[in-house]
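Engineer: If you're matching them up, the sequences are chains U and Y in order. If you count the first sequence from 1, position 66 lands on 66 in the working numbering, and the numbers rise without skipping. Going from the second sequence to the working numbering is simple: count from 1 and add 469.
Rather than coming from a laboratory, the hints here were simulated on the basis of the structure. Misleading hints may appear alongside valid ones.
Reference excerpt, derived from the structure (chain Y facing chain U, CB under 7 Å, subset only) [to be verified]:
id, residue
1, Val514
2, Arg516
3, Gly517
4, Phe561
5, Tyr563
These numbers were taken from a predicted model, which means no experiment stands behind them. Every residue gets a Cβ at the ideal spot worked out from N, C-alpha and C, and that includes glycine.
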Amino acid sequence: MNLQFRKGLLCLLACPALLAQAAPDTAAAIPAPIAAKLAALEAAAQSAQSAGDNAWMLVSSALVLMMTAPGLALFYGGLVRRKNVLSTMMHSFVLMGLVTVIWAVAGYSLAFGGSAPYFGNFQFAFLNGVGTAPNADYAATIPHATFMIYQLMFAIITPALISGAFAERIKFSAMLLFTVLWTLVVYFPMAHMVWGKGGLLNAFAGGSIPCLDFAGGTVVHITSGVSALVCAIYLGKRVGYPNASMKPHNLVISVIGAGLLWVGWFGFNAGSALAASGLATSAFVATHFGAAAAMLAWMAVEWLDGGKPSMLGAISGCVAGLVAITPASGFVKPFPAMLIGACAGVMCYFMVTRIKHKFGYDDALDAFGVHGAGGTLGAILTGVFATSAINDGLKVAGKVQPLGLVDGNGGQVLNQLLGVAIAWVLAIVGTLVILKIVDVTVGLRATPEQESDGLDLSMHNEEGYILES
Amino acid sequence: MKKIEAIIQPFKLDGVKEALKSIGIDGMTITDVRGHGRQKGHKEVYRGQEYNVDLLPKVKVELVVAAERAEEIVTTIIAAARTGKIGDGKIFVYDVQQAIRIRNDDRGESAI
Numbered sequence: 001m002n003l004q005f006r007k008g009l010l011c012l013l014a015c016p017a018l019l020a021q022a023a024p025d026t027a028a029a030i031p032a033p034i035a036a037k038l039a040a041l042e043a044a045a046q047s048a049q050s051a052g053d054n055a056w057m058l059v060s061s062a063l064v065l066m067m068t069a070p071g072l073a074l075f076y077g078g079l080v081r082r083k084n085v086l087s088t089m090m091h092s093f094v095l096m097g098l099v100t101v102i103w104a105v106a107g108y109s110l111a112f113g114g115s116a117p118y119f120g121n122f123q124f125a126f127l128n129g130v131g132t133a134p135n136a137d138y139a140a141t142i143p144h145a146t147f148m149i150y151q152l153m154f155a156i157i158t159p160a161l162i163s164g165a166f167a168e169r170i171k172f173s174a175m176l177l178f179t180v181l182w183t184l185v186v187y188f189p190m191a192h193m194v195w196g197k198g199g200l201l202n203a204f205a206g207g208s209i210p211c212l213d214f215a216g217g218t219v220v221h222i223t224s225g226v227s228a229l230v231c232a233i234y235l236g237k238r239v240g241y242p243n244a245s246m247k248p249h250n251l252v253i254s255v256i257g258a259g260l261l262w263v264g265w266f267g268f269n270a271g272s273a274l275a276a277s278g279l280a281t282s283a284f285v286a287t288h289f290g291a292a293a294a295m296l297a298w299m300a301v302e303w304l305d306g307g308k309p310s311m312l313g314a315i316s317g318c319v320a321g322l323v324a325i326t327p328a329s330g331f332v333k334p335f336p337a338m339l340i341g342a343c344a345g346v347m348c349y350f351m352v353t354r355i356k357h358k359f360g361y362d363d364a365l366d367a368f369g370v371h372g373a374g375g376t377l378g379a380i381l382t383g384v385f386a387t388s389a390i391n392d393g394l395k396v397a398g399k400v401q402p403l404g405l406v407d408g409n410g411g412q413v414l415n416q417l418l419g420v421a422i423a424w425v426l427a428i429v430g431t432l433v434i435l436k437i438v439d440v441t442v443g444l445r446a447t448p449e450q451e452s453d454g455l456d457l458s459m460h461n462e463e464g465y466i467l468e469s
Numbered sequence: 470m471k472k473i474e475a476i477i478q479p480f481k482l483d484g485v486k487e488a489l490k491s492i493g494i495d496g497m498t499i500t501d502v503r504g505h506g507r508q509k510g511h512k513e514v515y516r517g518q519e520y521n522v523d524l525l526p527k528v529k530v531e532l533v534v535a536a537e538r539a540e541e542i543v544t545t546i547i548a549a550a551r552t553g554k555i556g557d558g559k560i561f562v563y564d565v566q567q568a569i570r571i572r573n574d575d576r577g578e579s580a581i
């Protein structure tokens, strides 16, 4: 209804413009008062659309920030041992400050400036030229600053996701330096390649490898998840792992965190439409259905696998589904979304209960098992289920292009695989180099004494739970 | 004087308190404790990893009473705390040398 109304309005507005173009000399035939009225109407329609889109994008920005804290801070904080709850929450919370400052100075520009295939430039450094006027390269109906702040929230949560792999044993100073370097070396280039104008993988802006990634399957989840695996292996196991008890100290707060993540993810995925449009609704619906199916799939396989359906399983399953549906959310119909979610639920279950133990790496909070694995699966399946019936944004000479295998474009799966491979290689190489640098400068790991005291005390001089106060 | 130390199931605490109140016993000290006797504990599973939890939550009730009432109180606690299953807990009875009320230096049974 709303969409039809908008289309009708656009038609109405376009008509005089077309007439004027076709026969400029007849333009004078429109009486001046009517022309003025039409111009006013056009301005009013544009301003109304901008108001609607901007309202949704500001809410989405806030929702995505909420995913980092309290969402991820609670989710991860509950999964660690009691003595590390604050340090783990800090790994998320501090990035809301740190990444924000990097973003303002140069990060936004390095991700979205210029039109080169691999890197941005410094055109928006210090937010130069990022104001309330829209940037039509990215989002023509919202202020440029809204687009900038929305993308910032993604840059904040991505390194926060990695912290699940090095939780309970990294030095705080090392974690800060690691994050600064990681955003510069891995995140900004990847964001530029996938979403930036002229980016190598940007299907919608002339990328030579047209990869489909609606809300960050490669940019956010593969980069963070794969980097998490590298961190887990490089740092080594926590003292006592896997024999000593490392069970979650408070699953209740993890459940609250997972619930906030689920809600926040609507901003993450539906907001990636960059407008309060029908496409945003499609992404919203796909996101929710993917999460629901994934939670049930994880629970079912856990139950069938000889265990009981656990709360930890339910929250892990929904997150796995949300991860996997992220790249596909603006391209797929609801039932393929559920299928993608269900596949992710099953696969990630085996990643964290079998593969992790088989190879013996200590991915403490399963950042790789859920984000790396789920993100990779989702990115590939996006190439299978993406359809122009949901997203007709990809046009060549005005003609809507088929998207995925279901549209008859089997080659898209290959494009997705290339995008995945680039994300994996960048994450592995970049993270290894950064870890080496941090290791030889400030040192990566807490000492065994600091680790056994808990990072809350040894890094921050405080405790999460003080029973005698 | 006797000290009665009863380690009971947490969910039986209210029943035990009520029963003691009904025979006129008001003073007691309660502590959350963990432990196990012959009870084996239970299994918890996180991420496919099994953990044996052998120290289970219990409640410790401590009271100091006149020696001649000790047996009656023990019987009352048993009646209120028993389910008949493993894990019901244990009661220990000790001799107490002295009791002192800090507020006014009362000594002996008048202090309890």
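Engineer: Identify whether the interface hint at Y:Tyr563 stands, where standing means a beta carbon of chain U within less than 7 Å of its own.
Structural biologist: Violated. Min distance 28 Å.
Engineer: When the nearest CB of chain U is found for Y:Gly517, is that gap smaller than 7 Å?
Structural biologist: Holds. Min distance 3 Å.
Engineer: Per the CB criterion, is Y:Phe561 less than 7 Å away from chain U?
Structural biologist: With a closest approach of 26 Å, the Y:Phe561 hint is violated.
Engineer: Does Y:Arg516 pass the interface hint, meaning its C-beta sits closer than 7 Å to a C-beta of chain U?
Structural biologist: Since the shortest Cβ distance to chain U is 5 Å, the answer is holds.
Engineer: So, Y:Val514 near chain U? Judge it on the closest CB pair being under 7 Å.
Structural biologist: Holds: closest Cβ of chain U sits about 6 Å from Y:Val514, inside 7 Å.
Of the numbered hints stated above, those contradicted by the structure are hints 4 and 5, listed in ascending order.
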